[in-house]
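Enquirer: As given, the protein sequences belong to chains A and B, one line each in that order. With UniProt numbering, the residue at position 122 of the first sequence is 122, and numbering never jumps. With UniProt numbering, the residue at position 206 of the second sequence is 206, and numbering never jumps.
No lab work stands behind these hints: they were computed from the structure. The structure presented is a predicted model; accordingly, all values stated were derived computationally and were not measured. Treat the hints with care, as some may be off.
Identical copies look the same in the list; a pair holds intra-copy or inter-copy alike.
Here are the simulated lysine-lysine pairs, BS3-like style, with alpha carbons at most 27 Å apart [said to hold, decoys possible]:
{"#": "1", "residue 1": "K89", "residue 2": "K182"}
{"#": "2", "residue 1": "K429", "residue 2": "K228"}
{"#": "3", "residue 1": "K725", "residue 2": "K805"}
{"#": "4", "residue 1": "K228", "residue 2": "K805"}
{"#": "5", "residue 1": "K488", "residue 2": "K429"}
{"#": "6", "residue 1": "K228", "residue 2": "K725"}
{"#": "7", "residue 1": "K887", "residue 2": "K332"}
{"#": "8", "residue 1": "K182", "residue 2": "K164"}
{"#": "9", "residue 1": "K707", "residue 2": "K606"}
{"#": "10", "residue 1": "K488", "residue 2": "K436"}
{"#": "11", "residue 1": "K500", "residue 2": "K488"}
{"#": "12", "residue 1": "K332", "residue 2": "K888"}
Number of protein chains: 2
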Amino acid sequence: MPTWVYSFGEGVADGGIRLRHLLGTKGANLAEMASLGLPVPPGFTITTEVCRHYYANDHRYPLDLERQVNAALDLLSRRTGRSFGHPEKPLLVSVRSGALAAMPGMMDTVLNLGLNDVTVEALAAESGDARFALDSYRRFIQMFGDVVMGVDGQAFEEILDDLKEREGYFNDTELTAGEWRKVIAGFKELIADETGTPFPLEPLEQLWGAIGAVFGSWSNSRAVTFRKLHGISSNSGTAVNVQAMVFGNMDERSATGVAFTRNPSTGERQLYGEFLLNAQGEEVVAGLRTPQDITETARLASRSDRPSLEALMPETYREFIDYCQKLERHFKDIQDLEFTIERGKLWMLQTRSGRRTVEAALKIAVDMANEGLISREEAVERIDPSSLEQLLHPTIEADAPRDILATGLPASPGAAVGEIAFNSEQAEKARQRGIKVILVRAETSPDDVHGMHSAVGVVTARGGMTSHAAVIARGLGKPCVVGVSALKADPVAGIITVGKRELRTGDVITIDGSSGQIMAGRVPMKEPELSGPFAEIMTWADAIRRLEVRANAETPTEARIARQFGAQGIGLCRTEHMFFENSRISAVREMILAETPESRRAALEKILPMQRQDFAELFEIMEGRPVCIRLLDPPLHEFLPRTEREVAELARTAGVAPDVLRRRIANLEEYNPMLGHRGCRLAVSFPEIAEVQARAIFEATIAAAEKLGRPVVPEIMVPLVAARKELDYVKSIIARVAVEVSETAGQPVNYQVGTMIELPRAALMAEDIAQSAAFFSFGTNDLTQTTFGISRDDAASFLPTYLQKGVLARDPFVSIDRDGVGELIRIAIERGRKSRPDIGLGMCGEHGGDPASIAFCEEAGLAYVSCSPFRMPIARLAAARAVVLGKKERLSN
Amino acid sequence: MPTWVYSFGEGVADGGIRLRHLLGTKGANLAEMASLGLPVPPGFTITTEVCRHYYANDHRYPLDLERQVNAALDLLSRRTGRSFGHPEKPLLVSVRSGALAAMPGMMDTVLNLGLNDVTVEALAAESGDARFALDSYRRFIQMFGDVVMGVDGQAFEEILDDLKEREGYFNDTELTAGEWRKVIAGFKELIADETGTPFPLEPLEQLWGAIGAVFGSWSNSRAVTFRKLHGISSNSGTAVNVQAMVFGNMDERSATGVAFTRNPSTGERQLYGEFLLNAQGEEVVAGLRTPQDITETARLASRSDRPSLEALMPETYREFIDYCQKLERHFKDIQDLEFTIERGKLWMLQTRSGRRTVEAALKIAVDMANEGLISREEAVERIDPSSLEQLLHPTIEADAPRDILATGLPASPGAAVGEIAFNSEQAEKARQRGIKVILVRAETSPDDVHGMHSAVGVVTARGGMTSHAAVIARGLGKPCVVGVSALKADPVAGIITVGKRELRTGDVITIDGSSGQIMAGRVPMKEPELSGPFAEIMTWADAIRRLEVRANAETPTEARIARQFGAQGIGLCRTEHMFFENSRISAVREMILAETPESRRAALEKILPMQRQDFAELFEIMEGRPVCIRLLDPPLHEFLPRTEREVAELARTAGVAPDVLRRRIANLEEYNPMLGHRGCRLAVSFPEIAEVQARAIFEATIAAAEKLGRPVVPEIMVPLVAARKELDYVKSIIARVAVEVSETAGQPVNYQVGTMIELPRAALMAEDIAQSAAFFSFGTNDLTQTTFGISRDDAASFLPTYLQKGVLARDPFVSIDRDGVGELIRIAIERGRKSRPDIGLGMCGEHGGDPASIAFCEEAGLAYVSCSPFRMPIARLAAARAVVLGKKERLSN
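So that you can see chain A by itself, here it is in the shape it has in the complex:
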């Protein structure tokens, strides 16, 4: 019979971190803390396996679970000296979810379980505070009624509010014990009325109800959405943690708090945390009361006049610091802790790796590696490459004039400009229309996660640095400012008031998540740069990675940014972008409208010197590093005018009748341009185009080599090849031009000709094509389009439905489809190497900047990936991480 239940407490535990997949992270870490000898309230964990069984078997539990739970309860009774329903020493427990992946606030929790009409009196006697006991009891009934029995939580609040109104009370604390008893009776009545079932007084019945509710909440819509957004498998399931209650709200010697072992925003090595006296943990997280600092240093820094824990309870504080250090050394990562002090006794309730900003993640990883806690490889592994994106976008210019509306807590760094949106729906709709928005809320709840995804930044009027909004924003890598108390938001009217100023839905604001400032209008931003821990991690990543990283760049500006961000060459220079430039488009159009090869060549000759200049500059900036130039790819009609005015103008300058021009434009139009007359098909139809481009490349090569004083060897890439003969045809044109240019220049021209592999047939015919290709560059955008038969331009009408219905797990244009497109890449590599073992292999689709796709490239054995200049650091890190993770995987196999 499998073990369904794992107990922990009193310095021992059945499980531990190795059983994380069974115990969930929370349960595993509780067991780990217990084993380390930390004061953990004893309890037990019901495994994720039970959850999977529950869903696979029509919501039935496995055999033997009941017996194991009873045994665990017996042990828990022995450890606590308490038991369910005991009239003097009642056992009270919390029942919480705990999956492998963090899903904060997504699933259900029940606290104070075990209270009933009998045990509440025992709690009153033990605590000497009847009101506290009764308040706990009514909270439990309310929570149980809501979570387990499905009664709307608001209905309970109304009963309480009615009474308060009747009595003219403002705070809960004003209620007498007798009044609490009335409230409790009202709550019970409400449950019975609403559900037809009385509130269960039997603690064991309560327990099974709560366990069922937690398992059930695994599939509530909030949790399902969260998992979808975070790519968490629906099959992993949650564990259930049943743990003896401790109370931070028993008296003024009680407290509850949360802490990070380092600063989760900056990564500074200093304890960072908050607590509330006489409170339950939920109150700290909810951000309704402003908490106190744990350390004196932090209190002084925040100029708070409320005492720190260090000052209030120095011994407990020192004990806590000791545990913090122990846990960080043990887990080798920044820890996010929850603790409760019950009448002066410290209890550790939770530890987990702390969420942090990317800046903090970088600093912590580098520091820990330098401290010798972790290796450089581990440091590299710890950084999610995608998270770097926010560092690679502009921040606010230091000396830009700022029209500051208000200042709040800097909860997640980075700056953002956007229109104000007051709810998730507004935010999402705006995003769909391509408008950037800042989500402004009083506070956020799990229901707002969707809107936070759609927004470029988040502002809340309430809450602290560990509030829901702050934690989620840091996780998403979005700028966030919280606790902006000067700000009054009226979502219904769509108005924000800050002092005398009013802002409305759609007004533009700028926020700086690093300073906490909210500014009116659009404030100028500055380019990011690599420095400090970021630069250090990059150096380490470069030492580890095998994949070269190149940039997709056409302009000198792009090429310079690429170099600055560490590009080892240009992997894709799309020459059509050069054709679109204002000064050239008229020559390009002349070329397209030409009726004979001669007039086509004449028009091309006008473009030649400009193209030559483009290429020469790129070669010079790249200083001899590889530059891979793709010959003209798009269908010619893309260059022709669309509006009547433009057509008339072109007709005039080209000396053609507008009707003739319109006919020619109509002739060039295509049903499926993606599958039309483009790529090397242009060169086969109009060899002059390839000819002139080759001439520009070779003449630029000679000029740049002379200027640089070092050889330049361009890579010329022939696009959209489906058969070797296409490549051969274009190659022969290039070779002829090379001979002509080198004869004229009196010096040899070295170059390589290769091809994009962007059609399924090219991948399949790779052995043949490789006979003629010095290199393959996988054009995964088009390869994905043709392999799936999906046009990226048209996918919006059905791909979202596919993702929503789970028909596709991921958008294949974001992360490479390993099974289909990946299979073609593997086939192409294997076959290509058959005829050319040393064939050059790279990827230049947009997937080249996606970490998961880069990991695929590492596995597949490509030589390089090429991506947009701004994604270079992401690619460099992802490439290194792929090496580290690959090594780990091989070790574990």
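Keeping the supplied structure of chain A fixed, place chain B upon it in accordance with the hints.
Expert: Frame of chain A; chain B shown alone:
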């Protein structure tokens, strides 16, 4: 040292039919005839290997060729008792090309070689006819000047015409010997003036010149075009046949003729041939003189008043008949013979398999199999499946009123209607505009082949049944009427005059190649049927083939034709065609414009009964044979109106503002509809569509099964699947409807769900997809589009250039691309069988009716092919032939 030269003559030969690849068909058959003891003028053949060497080595001959030619000349001298330049017994030879594949008239020929100022006198003395000898000499000089030395042939004619005009002569025969000598001097002078080189008098020099010219003509543009049109490899090369001259024009006891051992038009077993007294072979072929019949039977049938060969030279005739029978028995095929009678002595000049009409081919194959000459498998192998196409198109209604303009010789059967075109250019341009034309010429030459390809039928004013036009038209399977002497064509004016009637370019005529009639206007046609030898061959093919043949059919009419032509089921029923019908399109449009699933379903419910009726009829016609129904495939915008008038009307009937409708139409438009929102993507987005279609299918199944009294098991095909989950999603809808329908009907519904494999990803993921698919049907149209990344709708702008430049050897939309698309099919079959060994496998793209693609399907091991009803017999025969050829190939390996 390789043997470059093979001699033949006097009952022996170095080579024979087995060396056909070296000797060419002409050379090999000459050797074969010599070996059989037939009277063949002795000679020798220079191999195709020499031709290949010649082109691979910059027009140089291999070592030792000269020695071998000299040795062969020595042997030829011994065999003939004649030698080059001998003043009394001069050796005169013909030099002719002869490739493996027949390329009639495409390459150069030189006759009477060996004549010079000395030997012409010997010929005069031997023949006792100075004028004959001098005429032969001047013809030789003219031919040599033209073919070898590049002097325009017309220039020689002008010299002759000048003299005739001066002397007032009308016929060549009026020239005196002295005048011929003057003409000869003039010819020589012309050559010297034009080329700067005197006409060579030395026979050996003449011989090498002629050999070079023949090899050179292998790559003339006419030959190159012909090879491209007929798919003949450019590397195969031609042999050169050097053979002692015999003269059919020496006197009135001399003659020359051509014959087929059976009737090449009908296949009747009767000698069929023509001859001319005192003439050279070229004259018969050119069709300038109307020839005499060989047999009395034929003479009587044609009511000719000129005597037959049988009557004129009975002994020679009997000898010839004997040879004909011998050759047919030897080659086991109808023979196309050339012979010359020189002063009463019969010489066999050539034998080869005779070109024949497809009717003749069928009758001959069936007859020969019934005669025991060949097996039924050989009979099947002999018929080119594509050639059946002409039998499968309408012929003229027997009792249709015919406005007969003129009657000529029925040179190639079948009927055609088209506009008159006077030259190849007109014909080709019209074809490109989709207009059918009848090419009308005085006579045709090899330059007209291109135009004949473009025309649907051919008419010539001159020439006989073996004229160029007749032979080529039969080869192309196009209706052809020749020798329409009543017809005067004025190509320059673009007018045909027939008696008093005038027809112009673009006027419509109808021709009947079986009766020789030319009719004004469009005459009604009748449907083809399978009977006689055609039906017999089909029965044999059905017994041989392994592949099932199904039809692509949607309407009852199509389904009935399909059954009549032997369809074993419906392989593809495209349901969208049913949606386009007039009575339904408005409901379809309502469905598309619906804003909610409910209103969409309501519109679909209107279509349901019509779809049900469609399916029920198909099931009934197919009588329990498999019917594979594809769910709706095309993008929805295809169903929406395009013109403003239609939009306005739909807006009115749908009760929508025209602007709203226009916006909705614009919204549905796609950049690349081929890769857009279609196929199963529609069903995933709008499950109601699949639901209603499934309901129509199942309800029709029950109705049809009841009516037929036998089970009906529909195959439901989900299109455009890229991932198994798409199929699973649609399958679950179908399964749900099946349960509902069967519950309502109170009886079970059996069915199969499978998928099209038409995307590369589907082929690659076949193992996974096969878990959910009962069958795969390869949709090779889309698979070719996506594998190549070529839109069929847009390919016209570059595919012709590709074929012309040899970048692609074949249009992959006509004949399946074995290397790329075929590879994906092989992968899909292998992987699909891994998870479902008995998976159903078929092909339903248009390739299903292409013989080469069907051969691929046989090799790949598909269970069936599906094609248009009219191509059924082609597919049945091609499937059988693939079995026969496959068996042969395995034997030879």
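Enquirer: Compare the structure with each hint and give your call.
Expert: Results for each hint:
no. : hint        : result
1   : K89 - K182  : within (25 Å within a copy, 143 Å between copies)
2   : K429 - K228 : within (19 Å within a copy, 59 Å between copies)
3   : K725 - K805 : between (43 Å within a copy, 10 Å between copies)
4   : K228 - K805 : within (11 Å within a copy, 52 Å between copies)
5   : K488 - K429 : within (24 Å within a copy, 76 Å between copies)
6   : K228 - K725 : between (46 Å within a copy, 17 Å between copies)
7   : K887 - K332 : within (20 Å within a copy, 71 Å between copies)
8   : K182 - K164 : within (12 Å within a copy, 138 Å between copies)
9   : K707 - K606 : within (24 Å within a copy, 75 Å between copies)
10  : K488 - K436 : within (22 Å within a copy, 79 Å between copies)
11  : K500 - K488 : within (11 Å within a copy, 101 Å between copies)
12  : K332 - K888 : within (17 Å within a copy, 72 Å between copies)
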